[in-house]
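As given, the protein sequences belong to chains A and B, one line each in that order. In this note's numbering, each residue's number is its place in the first sequence (first place is 1) plus 1. In this note's numbering, each residue's number is its place in the second sequence (first place is 1) plus 1.
Take the hints with a grain of salt, since some may be wrong.
For identical chains, the list gives no copy identity; a pair is met inside one copy or between any two copies.
Stated by the list, open to error - Derived pair list, reagent style DSSO-like, types lysine-lysine, alpha-carbon separation capped at 27 Å:
id, residue 1, residue 2
1, LYS352, LYS24
2, LYS276, LYS151
3, LYS276, LYS11
4, LYS240, LYS11
5, LYS23, LYS316
6, LYS34, LYS196
7, LYS352, LYS236
8, LYS404, LYS88
9, LYS404, LYS175
10, LYS34, LYS151
11, LYS29, LYS88
12, LYS201, LYS236
13, LYS312, LYS201
14, LYS24, LYS236
15, LYS316, LYS352
No lab work stands behind these hints, which were simulated from the structure alone.
Protein chains: 2
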Amino acid sequence: MALVNEHLMKLPDNYLFADIAKKVNSFKVTHPKADIIHLGIGDVTRPIPQACAEAMKAAVDDLTHADTFHGYGPEQGYSFLTDAILKHDYAQRGVSLAANEIFVGDGAKSDTGNIGDILRHDNSIGVTDPIYPAYIDSNVSCGRAGTPDKDNRWSNVVYIPCLAENDFTPELPKQRVDIIYLCYPNNPTGSVLSKSELKKWVNYAIDNDTLILFDAAYEAYIRQPDIPHSIYEIKGARKVAIEFRSFSKTAGFTGVRCGYTVIPQEVTAATLSGKRISLNRLWSKRQNSKFNGASYIAQRGAAAIYTPEGKEQVKEMTGYYMRNAQLMKHWLDSTGLKVSGGENAPYLWVKAPKGFSSWQFFEHLLYNAHVVSTPGIGFGPNGEGYVRLTAFGDRQECEEGMKRICQHL
Amino acid sequence: MALVNEHLMKLPDNYLFADIAKKVNSFKVTHPKADIIHLGIGDVTRPIPQACAEAMKAAVDDLTHADTFHGYGPEQGYSFLTDAILKHDYAQRGVSLAANEIFVGDGAKSDTGNIGDILRHDNSIGVTDPIYPAYIDSNVSCGRAGTPDKDNRWSNVVYIPCLAENDFTPELPKQRVDIIYLCYPNNPTGSVLSKSELKKWVNYAIDNDTLILFDAAYEAYIRQPDIPHSIYEIKGARKVAIEFRSFSKTAGFTGVRCGYTVIPQEVTAATLSGKRISLNRLWSKRQNSKFNGASYIAQRGAAAIYTPEGKEQVKEMTGYYMRNAQLMKHWLDSTGLKVSGGENAPYLWVKAPKGFSSWQFFEHLLYNAHVVSTPGIGFGPNGEGYVRLTAFGDRQECEEGMKRICQHL
């Protein structure tokens, strides 16, 4: 008989957001007239940049004529996109990469999940905690995370606490780990790493032969000029880090689906016998056998964000959300709530008052202010006692939501 | 140190088509003026249906207004698409499926590759031979295929020969296997299975507790009315089969990226202790943790193929390619070459004459007729001595190519 992958059964049926949706639906049944404001899911709401829309419509037109038709594209992405990435996302920040170090895909969730395919099932994992849960889930599903304890901590995962006491800046783990996930600007805490902080991690990776998986999906929200947008701004990172980028939050592409992964030629991991293997080459094999390239239409859309109009429109869009974040932070600060993030990231990380647990504060906000947040515990053990609010909403709704929260604390 | 997945290293660096491209480039260097006709890669060339293009442009417009904006979609696909699939692809052929049995994705290559995530690493595999190489590659990369012998046969794979002697119709394997891949209409042989032949496989699966992975990417090319388009047209298949569908060949979506996978609720596999587990539920967990839904734009485009205009345009497009196949077959038959396929599939499977090997005949066609084919050996050991020609080209080029082949045999 065919046997299942039993590791996958350890994952809960529902993703965090399905649990939230269920609670919101229960609330709706008893409060059918309530005007609910959604600041929970990290999904964008503003229209995509006009430059992207025009490029994608032109791309669709290309597909309607035999002489401009595009079928299967180059596996790693079209050069019109990878060249723009190299120039605007990297060269302009002093980082030199080659075209064959960029892999265009359908989004960072697929790539951060599938990257596990190129790594052994028994590498040890380190994550900052709280963290985007998909990192852990994808390790659970191949057995790499080990087994959970009663608090849902996995035996083969080292949790690196990000707490108010350390200003949500992780300290280097005492124990060495084979692979570390870093996400900066951070989801969910909204914190960032300065160059010197990030340098500590790169040096740790070099010293410990650790692979860093660096998720920079929110880099477009960085406002402080001295914060690194790419881990490759740090010397030595080319040898130890893979970087994930997404157009989802940069250009409102959550429904379009496009992102990319950077694997410099120097990044290696070892065989059991100690031979060093290029991870660029291994990922290329993985993608060649299990992926057929990203959509031509999406890639044309993504390339348009690097045009002068596209850049202007992206700036306007991310600026809109960051103005939301600023206003939200201002309102919440005024209530005496402890709030972090929101300055270089579209997320606000709010300490629950009165000893509320994450879910208790979530329900308090839902039933009193009719505002949907995300319980921090959904992001890991050290998220307990917090909720995450996103700045991805409509301006008026964000302000109305904050006003209501202030009234009902 | 981080360790690599060494199984992945067993895969060759280059996909078959990269090897072909290399040989074509060598030829170009010495024959810079040759007018090369490409009938090798199974990629479409005709424009996408106008109905799909209009739907996709309207979808892009939706994304440019806040009130019609679509971010992350439902994980399994939008109901406007899944409802159309249920009605037109299944109900109209007497197959009843539920919406939660359909999973919309970015294409059949991703899904047929990633499906391995839900199955144990040591299930035994059966493949008809020759076959689409990605099925085996995705099993090699997780260790499930075992080790290769000198002829590139993998130790944990049972090869089920499809030969001229059995009219390219596979016989049931003598040895039981846990998982069997079937692709009908077949890539590369172009053969199809009648209802009674397919029934044999479903019964084998029921009797042996075998899981069938049925790839129906080419179903739109079936011309004989009595050939099943879906494995669920066979009684009992709902318990033992997963079906993969693609819009790539149906509607020219190779550059758009959209397909879907059907997993009926009754399909199960076992835990080591013998408990039966729903594969629908496991795939849902897999997709929730490693995939973020297919593009809204692509899904709108796919839904348009089910409109009256869309259906007409798909019929015209697939008809064009099938007319190519008919003409090609006619020319090749006239030379005395042994040719199969091309009647319910866009592929022609051509026996190399004069004892040529696959690569020898490939080179003969390239250097004499300036026609690019695909060497059959690339599809598995039993593909030796054949080449595959595709009918996805331009009509005039197809005819010119055939004329040249006839002149140079």
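Evaluation of the provided hints:
Within a single copy, LYS352 and LYS24 get their C-alpha atoms as close as 21 Å, which meets the 27 Å cut-off; across copies the closest is 63 Å, which misses it. In this assembly of identical chains, LYS276 and LYS151 lie within 27 Å of each other by CA distance solely across copies; the values are 24 Å between and 38 Å within a copy. Proximity of LYS276 and LYS11 under a CA criterion of 27 Å is satisfied inter-copy only: 15 Å between copies versus 33 Å inside one chain copy. For the identical chains of this complex, LYS240 and LYS11 are inter-copy neighbours only, at 24 Å across copies versus 34 Å inside a copy, given an alpha-carbon limit of 27 Å.
In this homomeric assembly, LYS23 and LYS316 never come within 27 Å of each other (Cα to Cα): the closest approach is 35 Å inside a single copy and 43 Å across copies. In this assembly of identical chains, LYS34 and LYS196 lie within 27 Å of each other by CA distance neither inside one copy nor across copies; the values are 49 Å within and 55 Å between. Taking CA atoms no more than 27 Å apart as the test, LYS352 paired with LYS236 passes in neither setting, with 36 Å inside one copy and 57 Å between copies. Proximity of LYS404 and LYS88 under a CA criterion of 27 Å is satisfied in neither setting, with 43 Å inside one chain copy and 47 Å between copies.
When the C-alpha separation of LYS404 and LYS175 is checked against a cutoff of 27 Å, the pair qualifies neither within a copy, at 43 Å, nor between copies, at 72 Å. Taking CA atoms no more than 27 Å apart as the test, LYS34 paired with LYS151 passes in neither setting, with 39 Å inside one copy and 71 Å between copies. For the homomeric pair LYS29 and LYS88, neither the shortest alpha-carbon distance inside one copy (49 Å) nor that between copies (32 Å) is at most 27 Å. For the homomeric pair LYS201 and LYS236, the shortest alpha-carbon distance inside one copy (11 Å) is at most 27 Å, but the shortest distance between copies (62 Å) is not.
In the homo-oligomer, the alpha carbons of LYS312 and LYS201 never lie at most 27 Å apart, since the shortest distance is 32 Å inside one protomer and 59 Å across protomers. With identical chains, the CA atoms of LYS24 and LYS236 are never at most 27 Å apart, being 47 Å at best within one copy and 40 Å at best between copies. In this assembly of identical chains, the alpha carbons of LYS316 and LYS352 never lie at most 27 Å apart, being 30 Å within a copy and 59 Å across copies at closest.
In summary, the numbered hints that this structure violates are 5, 6, 7, 8, 9, 10, 11, 13, 14, 15.
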